[in-house]
Each structure stands twice: as C-alpha cells, then as structure tokens.
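K.L.:
Build out the structure end to end from the sequences listed, making use of the hints.
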Amino acid sequence: MGKFSAMTSNPFDAARDTYRKIAANIALIMRGQEAATRHLLASLAAGGHVLLEDYPGTGKTTLAKALAKSIDAQFKRLQFTPDLLPSDILGVSIFDQRDQQFHFHEGPVFTNILLADEINRASPRTQSALLEAMGEGQVSVEGVRRNLSDLFFVIATQNPVEFRGTYPLPEAQMDRFAMQFTLGYVSAADEVAVLTAQEHNHPLDELKPVATLGDVIAMKEAVENVRISNELKRYVVDIVSATRAASGVQLGASPRASIALMKTAQAEALFAGADFVAPEQIQKLAVPVIAHRLVLEPQARFSGVTARGVVEDVLKKLTVPA
Amino acid sequence: MKTPPFLLLAALVFWGWMSGFLLVGALMGLLLESARFISARWELDDPDFSRVWFFCVLLNLALVLYVFTMNDETGGIAGMFHGNIMRNVSDSSVQTSTRFLRWLPMSLFALMAAQTFNLRPSVPMASISLITRWRQRRHKGGQDFAGQYADISYPYFMVCLFSSGIHSNRGDFHYFAGLVPLILWALVANRSKRYGLGAWICAITLGVGLAIIGSLGVNQVQRAIQHIDAQLMARFLRQRSDPLQTMTSMGRIGGLKLSAKIVIWLQPRELAQVPEYLREASYRIYKPDKMTWFSGDKLTDFKPLQPEPDEKTWVLLPGKMNNPAAVNISCYLNGWSHEDNMPEGLLPLPGGVRRLENVPPYMVMKRNQNGAVLAAGRGLVIFDAIYAGGATMDSPPNITSTNRLDLDVPTNEVPALEQVIAEMHLDAGADETQKLRAVSRFFSSKFSYSLWQGWDKVASTNATPLTKFLLTSRKGHCEYFASATVLLLRQLGIPARYAIGYAVHEAHGSEYVVRERDAHAWCLAWDEKAKNWVDFDTTPASWVSMENHFSAVGLWFSDARSWIGFQISKFRWRQAHLQQYILWSLLPVMVVLLYHIIFRRRTQRKRPAGKAGLDADVIWPGLDSEFYQIESRLAACGVLREPGEALADWLERALSEPSVAELRPVLQQLLRLHYRYRFDPHGLSEAERKSLGDQARQALNQLSPK
Numbered sequence: 001m002g003k004f005s006a007m008t009s010n011p012f013d014a015a016r017d018t019y020r021k022i023a024a025n026i027a028l029i030m031r032g033q034e035a036a037t038r039h040l041l042a043s044l045a046a047g048g049h050v051l052l053e054d055y056p057g058t059g060k061t062t063l064a065k066a067l068a069k070s071i072d073a074q075f076k077r078l079q080f081t082p083d084l085l086p087s088d089i090l091g092v093s094i095f096d097q098r099d100q101q102f103h104f105h106e107g108p109v110f111t112n113i114l115l116a117d118e119i120n121r122a123s124p125r126t127q128s129a130l131l132e133a134m135g136e137g138q139v140s141v142e143g144v145r146r147n148l149s150d151l152f153f154v155i156a157t158q159n160p161v162e163f164r165g166t167y168p169l170p171e172a173q174m175d176r177f178a179m180q181f182t183l184g185y186v187s188a189a190d191e192v193a194v195l196t197a198q199e200h201n202h203p204l205d206e207l208k209p210v211a212t213l214g215d216v217i218a219m220k221e222a223v224e225n226v227r228i229s230n231e232l233k234r235y236v237v238d239i240v241s242a243t244r245a246a247s248g249v250q251l252g253a254s255p256r257a258s259i260a261l262m263k264t265a266q267a268e269a270l271f272a273g274a275d276f277v278a279p280e281q282i283q284k285l286a287v288p289v290i291a292h293r294l295v296l297e298p299q300a301r302f303s304g305v306t307a308r309g310v311v312e313d314v315l316k317k318l319t320v321p322a
Numbered sequence: 001m002k003t004p005p006f007l008l009l010a011a012l013v014f015w016g017w018m019s020g021f022l023l024v025g026a027l028m029g030l031l032l033e034s035a036r037f038i039s040a041r042w043e044l045d046d047p048d049f050s051r052v053w054f055f056c057v058l059l060n061l062a063l064v065l066y067v068f069t070m071n072d073e074t075g076g077i078a079g080m081f082h083g084n085i086m087r088n089v090s091d092s093s094v095q096t097s098t099r100f101l102r103w104l105p106m107s108l109f110a111l112m113a114a115q116t117f118n119l120r121p122s123v124p125m126a127s128i129s130l131i132t133r134w135r136q137r138r139h140k141g142g143q144d145f146a147g148q149y150a151d152i153s154y155p156y157f158m159v160c161l162f163s164s165g166i167h168s169n170r171g172d173f174h175y176f177a178g179l180v181p182l183i184l185w186a187l188v189a190n191r192s193k194r195y196g197l198g199a200w201i202c203a204i205t206l207g208v209g210l211a212i213i214g215s216l217g218v219n220q221v222q223r224a225i226q227h228i229d230a231q232l233m234a235r236f237l238r239q240r241s242d243p244l245q246t247m248t249s250m251g252r253i254g255g256l257k258l259s260a261k262i263v264i265w266l267q268p269r270e271l272a273q274v275p276e277y278l279r280e281a282s283y284r285i286y287k288p289d290k291m292t293w294f295s296g297d298k299l300t301d302f303k304p305l306q307p308e309p310d311e312k313t314w315v316l317l318p319g320k321m322n323n324p325a326a327v328n329i330s331c332y333l334n335g336w337s338h339e340d341n342m343p344e345g346l347l348p349l350p351g352g353v354r355r356l357e358n359v360p361p362y363m364v365m366k367r368n369q370n371g372a373v374l375a376a377g378r379g380l381v382i383f384d385a386i387y388a389g390g391a392t393m394d395s396p397p398n399i400t401s402t403n404r405l406d407l408d409v410p411t412n413e414v415p416a417l418e419q420v421i422a423e424m425h426l427d428a429g430a431d432e433t434q435k436l437r438a439v440s441r442f443f444s445s446k447f448s449y450s451l452w453q454g455w456d457k458v459a460s461t462n463a464t465p466l467t468k469f470l471l472t473s474r475k476g477h478c479e480y481f482a483s484a485t486v487l488l489l490r491q492l493g494i495p496a497r498y499a500i501g502y503a504v505h506e507a508h509g510s511e512y513v514v515r516e517r518d519a520h521a522w523c524l525a526w527d528e529k530a531k532n533w534v535d536f537d538t539t540p541a542s543w544v545s546m547e548n549h550f551s552a553v554g555l556w557f558s559d560a561r562s563w564i565g566f567q568i569s570k571f572r573w574r575q576a577h578l579q580q581y582i583l584w585s586l587l588p589v590m591v592v593l594l595y596h597i598i599f600r601r602r603t604q605r606k607r608p609a610g611k612a613g614l615d616a617d618v619i620w621p622g623l624d625s626e627f628y629q630i631e632s633r634l635a636a637c638g639v640l641r642e643p644g645e646a647l648a649d650w651l652e653r654a655l656s657e658p659s660v661a662e663l664r665p666v667l668q669q670l671l672r673l674h675y676r677y678r679f680d681p682h683g684l685s686e687a688e689r690k691s692l693g694d695q696a697r698q699a700l701n702q703l704s705p706k
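Protein sequences, first through last, are from chains V and P.
Going by our numbering, the final residue of the first sequence carries number 322, and the count climbs one at a time with no gaps.
Going by our numbering, the final residue of the second sequence carries number 706, and the count climbs one at a time with no gaps.
Hint data in this document are derived by calculation from the structure and do not stem from the laboratory.
Every residue, glycine too, gets a C-beta built ideally from N, C-alpha and C.
Check before you lean on any hint, since a few could be wrong.
What the hints assert, rightly or not - Pairwise CB distance ranges, derived in the manner of DEER restraints:
(1) P:Trp134 - V:Ala272: 44 to 54 angstroms
(2) P:Asp694 - V:Leu195: 51 to 61 angstroms
(3) V:Gly309 - P:Trp42: 34 to 44 angstroms
What the hints assert, rightly or not - Straight-line C-alpha distance at most 20 angstroms; calculated EDC-like pairs for lysine to aspartate or glutamate:
(4) V:Lys233 - P:Glu645
(5) V:Lys316 - P:Glu645
(6) V:Lys21 - V:Glu34
(7) V:Lys317 - P:Asp301
(8) P:Lys366 - P:Asp301
(9) V:Lys317 - P:Asp680
(10) V:Lys317 - P:Asp649
(11) V:Lys316 - P:Glu652
(12) V:Lys316 - P:Glu642
(13) V:Lys316 - P:Asp649
(14) V:Lys233 - P:Asp680
P.N.:
Here it is, written out as structure tokens:
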C-alpha cells in the first residue's frame, strides 16, 4: 500500500476514494470540466485509452498533464509530427561501440501514461505503430516482444479544425480508443477562475500526486469486480448492434465497442457509488464510447447525420431495461 | 382527399356515362364523396394496404385473363384504338380485348375507398410500389422509405379519365368536351396563387387550343399506329397467299426450303379418308416476264357469302352430294384485313368442298370465281369441311371467242410447248383422257424433281426459265411442273388453271398435319364430259420424300413448338373448350387467393409473437418488482416514461413535480432497492425484498390521490 492509499478494507471504497482524490486534484486545474474528468478516469479505470478531440486551447493537454501529475506514475509526452517515425515511438536498437553489441533504447511508449499530442499529424504508418501497444499492452520491435507496464494509458489529442497536413486516424486505430470526447468551452465564471489561478504562475507546476501507481491498479481491479447483470449485457449488445443496422451508417460498432462500453460503465458505476451497473450509466457512456467508431455513408454525412446523432437515436428508440 | 369536393364524383359519373356503367359510376362517386360527411374512419395499417393492393392486382389479373379468353372481337393493339369499327363486325357484342382498362376505376375502387375511409388519407408507397419496397429492402433499416405515403386521389381521378377515353360509346367529341371541364376543375383547385386569374385563364385557353389541334393530329397518329400494328402482325406470320396473284420462284437460283412448321391440322371424320390436296386459290393468267400467275379478277370481285341462319354453317356449293366426306380443319388466318381490321386469309379447302360446318361466329367470308374463299375473323379458325367428288365451286372455263382466259398461252412459250408436244407423239385424234395420260407419262418418264435451281434455269435472251425446264434441264420443283402442265394442257386445247395450296400426306395418329414445306402447286384440268375441274398433278411423287429429306434432327422440337403455338392460338382465339373451364375456375381461384391473403395475415401476426418468444425464454430477474406500480401511478399523474429513458432519469424528472417532491427520499431509496433487485446479480436478501414491497405499498398509499 502506498502512502496515499486510504486505509479502507473494502476495495470498492478504496477505489472510489482514489477516484475522488484524483478528480478533486484535477479539478484544481481544470475548472468546469467535471464530466470530462469523469470520462477520462472511467476510461483509465476500465483500461481503455482516450482520444480527446477539441479546438485548440480548450485544455486537452492540460487535462492530460493534470492527470499524469496527479498519479505518481511515469508520464511521457509525445508531440506527433509528419516526420515522426515508428521507432521514435517504440524505441530503437543502437550499436554500442564499447561493448560491440546492440542495446535497445526504449521509446516513449514504455511508460504509464502517454500523451500523444496531435496524433493526426503523424503519418498512418507511425499511428499504426501504436496499434499493438494500445491493443495488447506490448510492442514487438526487431522480432522481440516487450511487455509494457501494467498501467499503460494513452491520451491522444487531435484538433478537429485543421485538416491541412493531417492524416485522419484509420478506423482500426479509432476502434482502439475506448472513448472519444470533447472538452468544450467552459462557462464565463469558470474561465475567470482559470485566469485568476494563472495570475502569478501556472498551477500545474504546483500540482502534487495524490495516488500511487498501486492505487490506480487497485482501482482497475475493483472496476473489474463491479457486477453487471446479463440483462444489461444484453442491453449493451443491443445498443451496439443497433448502430450496425442504423440507416446512414456504413460501418457499425464492433464487439470491441461492446466490451469498452461494458467496462467503462462498470467504472462509471463504481464512481457513482454502486457495486453494480445501472442502465443510465450505460446510456451516459454510449455516445463517447460508440460514436467515434461509426463510419457514416458520405450521403448521410452530407445530409447532416452525425455519429453522435445516430447513437442518441439508437438510445432513444431502444427500450431500456427498467 | 386532396381533390376538390365532388370532383371524383363528377369524374366517375363521366366515366360511367362514357363506358356505359352510369349507375355504377354514380354509386362509386357518391360512396367516395360521402367520406366528406361521414366522420367514421377505419384504422388501416401498412400491411392492410398491402392486402388491399394485392387484391386489386389480383382482380385486374383475373380480368385480363377473362377478357383475353372472351376475345370475341379480334384486334390486338388496334383494338385499343378502334372500338367502333369492331362493333361493325359483331354488333351485339361490346366485348373487347381492352375491356379491363375500361374497368380500371371499378377494379381499383377498393384501394381508393380504403384510402378515403382511412384515418390517415394516404397510401403507403411501400405497399403499392415494388421499387420502394426494393429500395427499402436494400437499405437495411429502411427508415428513409418507411414513412413515404402518397395520396392516390388524383391518380385515381386520372385513371377515371383514362378509362373513360377507351372505346367511348359517345364518340370523340363528347369525350373531349367532358374531359376539358374536369381537368380544368382539377387544375383550378391547384392553381398557383402567384399569378392572377387572368394569366391562368390565358394559359388554360392556350392549352385547350393546343389540345384541340392535338386531338386532330391524334387521328393521324392513330392511323399510323394501326398501320404499324398490321405490319407488326404480318411480320410474325407466314407470308400469306394472295388470292389475286402468286409469284413463282421459277428462274431463281438456289435451293428452295420451307420450314417444317405445322400450319394446318386435319382430323378426318372417318379414318384415313382425307383429301389429298387442300387448295387455297387458283389462277388463270400467266405472265412469263414476271413468272407470276394472276387470277384475272380484282379483290372487289369477291362475293360476300352469307351463313345459314344457325350462323355456323356456310354453304359454298348447293346441291346433292354423293358419298360426302367430312374433315375438321384448323388453320391460321395469317393476313390482315384493313377493311375489317382483323386477321384474314385464304381457307385451305379440299377440292369439291360443298359446305363448311361448325364455323366460329363473327366470320366474314368472301369467294371469287376461282374457288378461293377469303375469310376474316380470328387468327385461328377451326371448322368442318364437307366435300364430295364432282362439281367444284370454280367457275366453268372461259373459252368464249372473245375471252379465252383458260386456254391462253403466252406467245413466247409456244415454241417450246410445240416442241414438247411433238416429242409426246400424240395421235391426231386423241381424246382428253389420252392427252392427260400422255402428259402425265411424259413428265414422269422424262423429268425429275429438284429443289436446286442452277444456272440452267435462268432466263436468257432466247429462252424463258420454263422453256429451259421443258427442253433442257427437265428438273425442277412443283411450280415448274404445275406451270408447264397448265400451259401444255392449254396448248393441247384443254382448259386448265394453276392451283396452289397444300398436299396432305403426313399422318399423326388419327390426325393429319400439314407443314409449311408441304405447300404445293398443281394443275386444275377441265373435264369436259363431267363438266367439272379435276386436280391434275404431274410433279413426280418423289417430291414428298425429297422434302422430307430436309426434316431436321430437331423435328420433334419444332413439332412441339408448333403444337404449343396451336394450343395457345386455340385458347387465344377462343376455339378451345378449355377456356370455359378457365372462366369457371376464375371464381374459386379468387376465393382461394382471398383465403391466402387472410391466412397470410395470420402468419404475419404470428411472426412478431414468435420473435418475442425468443426473448421471453430468458426471464430477467426482478420483473415482479412493486416499483412498477409506482411507475404506473406516476405515469397516470402525467409523467410518462419514454421507452429509451432510464428509470433513474425518469424519476428525477418526476420528482421535479412539486406534488411528489416530498416523497423524494422514499422514492430514491425505493429505486435503489429496485435497481439492486433488477440489476445486481447478487440480488436482494429476503428481508430486503420484503422491505421493497412494503415501502412500495406505503409510497403508493401516499401517492394515491386524496
């Protein structure tokens, strides 16, 4: 047990405590972004990765950094550029003149929390280098499989405005992200508070870790133990398969989406103080978990159909277990 | 209904007036318009409309079938455009091939009535349009098309106008005069408000003016279309025999080949007593430059024949018959009569035919001096021909001093004929019988049959093909033999005529069939003693086997095709008894199909139930929770839960009502218990389950209206 872990016997309570502390710590920096923080932590606790998509300056990087700083874990930041190579992410073997041998130099992917900033600026080849790491928690470099650490959490950001010189993420890469959500502009009052906080120095510099790596891993384990009834599993599957049959959708969500939705809903239930999943938690997370995986038909897209709208429509039409 | 009030009534009355169903039209119109005053409505869903539509389509198909078999007036496409001329043929009958088009307002009435009296006055596109249904199936979900509904009142109005225009009883002007106000009525109701009434009237006047000019032009088009129709008909049918002239293929190079298609069926009344030849026409004048035989009269020389009072028997040659025989003949009329606007053709008749019996009704028959009977009527005629030896219906030979048609020989053929006669070594005083025998012997001994015509037959400057045939090649087909024989006999002083028709030699069980390639030409010679014409054929008998030589390997296939074509024609031209059974079976078929519709309805209802059963196998826990009573109680207060709304969200909404706000802690506690009961795999303990029930009942009491 680390120095920050609460002395509670119930693993659920301990996990909730960890969540609360991290959320409160982030809230010091990110004003008015409680919902986004909760999504981010749900994804972390469910073992999924997050894609933040929002306009420049809304605090994507700050949120990622605040999370990294709140946890006493390794954090690496990688700025994606068009000339970034896969070896820049995964690592490379370099010949050492002294002992006449190759030594593997680990890339930034060997960390606990990886901030992949502006991921859509790198070429698809480089983006794909992250596939294995994100999907299986391991990387294969030069034929050798290397395991990543138990906690490997990717926060990728991308900018939806600029398209010049960007490479949209391939569908397979999009599917690797458990959630995609936006931060959005905060209210005027919150923005004033942000200004006040940064009057003298950046509060991020003073942020202290509030949870250990062990706490977060324990939280992940606790989430796995959150109960979910068969009826709700069926509901999850129904939602996901309904997106496949929805009109205007070329490619519906995969079973991986069902898994992600279930796991994040478990985390959400835990955060909400329950030991089991309730339907509204599934509904709450359906849009951030499913929407980014859908490929819309061009015709539908031009006529104003959005992936978010499709998922919301499915939620509205599907009878929810009550 | 989108149509202005009473427009449909007017259109239906107009239709009734034009088509002779005035009462029915008025009744249907009144029924439809009554919807404006009757507020009671049906609640038909999409499958119901599909059923109604299916019924209408079936009804129409049945009507088409019915009309097809009832085709007393012939005419094909032309019938669509010309009802009046048809009526000349059979005055009593108003049955036409396009009758079902006239019946459209009646047969589609069910759909229109279903829409009119439905709660939502429109018809789902998916139930009537195959295209919509197909697109719906293609787009899996089909939400885009599920909601497409169409008002069919205007289309129905157009159908009424269209049907009124078909074979109108009242002539063209009445139709036009009725059509214009009705269309104006419909148009004025949908007039664009953007332009003034003046502009509208100007436009309409222009439109009506153009329509008048156009309707005059339509007459021209109509004539052109009729012409095309006749040509189309003729294209699919065998070249028919012309009663006025027949062009021989003498003098042409190449093989002669005719198809094995069966064109005539014969059924002798007594076994094996079948005429040897079926004659279509005979000709009297030979023009060697055209290689053509002419009959020597005009179409107008054909004298109309009148049937006996029973309308089935036609006497061609009155008088006593000794030893009459009868044969049932089925043949196609493969020409087209522009005068009567129906199929027309020469009947192939046995020599010495006296009367025709069991002739189908509504036939027009004419005959000329040369014993050709031109019949017009259906495309296929079946009749009994009664024939006997002796007299024929041909005119006696014309051998007066001024007009010697039956003894005339073209001058350029005379030298060759004389040479041949010299070769025959006839006695100076030979009588007719001897002459005939000598000619017959001459041809059989010195000539052979050949379908191939080489260079030796081509006309040259000093010899006609016939001359070459007689003097040098001595090979040829029946036209050579027949032509040569006719001229030879005439040169010998015996009146003769050139006859064409068919030779009957192929038995098919008790029937005989005549193929196209059995077409034959022979000679009619005048028997001065008996005072009648006798068939005189000098073509070597080997021609039959020679023709059969061509019988292809797939003859049975060709025969089967001919047989099927014959049966269809029989059915089409209403010569088969089958059609009576079909008419009778129409009703039970409709009943069975209606039953099918009802049956399908049941299965359709079953299907969703079956799907529900799949889920019903899994009984989710906690469905007996008392919280549902609270939900329905709150719903009764007006806070309804959407199917996609989670209970917690709904409760939050319900609790914002001030009347139940005080119950917030109780209800939230209840919801927590309910959620655990429903969604926690661990479930509730006995005590907790009991407490859920107790608390729910308590809350219900508090919620009950005071």
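K.L.:
Given the hinted pair V:Lys316 and P:Glu652, is their Cα-Cα distance within 20 angstroms?
P.N.:
17 angstroms, holds
K.L.:
With respect to the beta-carbon atoms only, verify the hint that P:Trp134 and V:Ala272 lie 44 to 54 angstroms apart.
P.N.:
48 angstroms, holds
K.L.:
Using the C-beta atoms of V:Gly309 and P:Trp42, is the stated range 34 to 44 angstroms upheld?
P.N.:
36 angstroms, holds
K.L.:
Holds or violated: V:Lys233 with P:Glu645, Cα cutoff 20 angstroms?
P.N.:
Measuring from Cα to Cα gives roughly 17 angstroms; hence the hint holds.
K.L.:
Please work out if P:Lys366 and P:Asp301 have their alpha carbons no farther apart than 20 angstroms.
P.N.:
9 angstroms, holds
K.L.:
Keeping to a limit of 20 angstroms between CA atoms, is the pair of V:Lys233 and P:Asp680 held or broken?
P.N.:
12 angstroms, holds
K.L.:
Is V:Lys317 close enough to P:Asp680, meaning Cα to Cα at most 20 angstroms?
P.N.:
25 angstroms, violated
K.L.:
Taking only the CA atoms, is the gap from V:Lys317 to P:Asp649 under or equal to 20 angstroms?
P.N.:
16 angstroms, holds
K.L.:
Against the 20 angstroms threshold, does the CA-CA distance of V:Lys316 and P:Glu642 hold or violate the hint?
P.N.:
Answer holds: V:Lys316 to P:Glu642 is near 8 angstroms, not above 20 angstroms.
K.L.:
Measure nothing beyond the straight line between the CA atoms of V:Lys316 and P:Glu645; if it is 20 angstroms or shorter, mark the hint as holding.
P.N.:
7 angstroms, holds
K.L.:
With respect to the beta-carbon atoms only, verify the hint that P:Asp694 and V:Leu195 lie 51 to 61 angstroms apart.
P.N.:
Since P:Asp694 and V:Leu195 have Cβ atoms about 55 angstroms apart, the given range 51 to 61 angstroms holds.
K.L.:
Holds or violated: V:Lys21 with V:Glu34, Cα cutoff 20 angstroms?
P.N.:
13 angstroms, holds
When the structure is compared with the earlier hints, violations turn up for hints 7, 9 and for no others.
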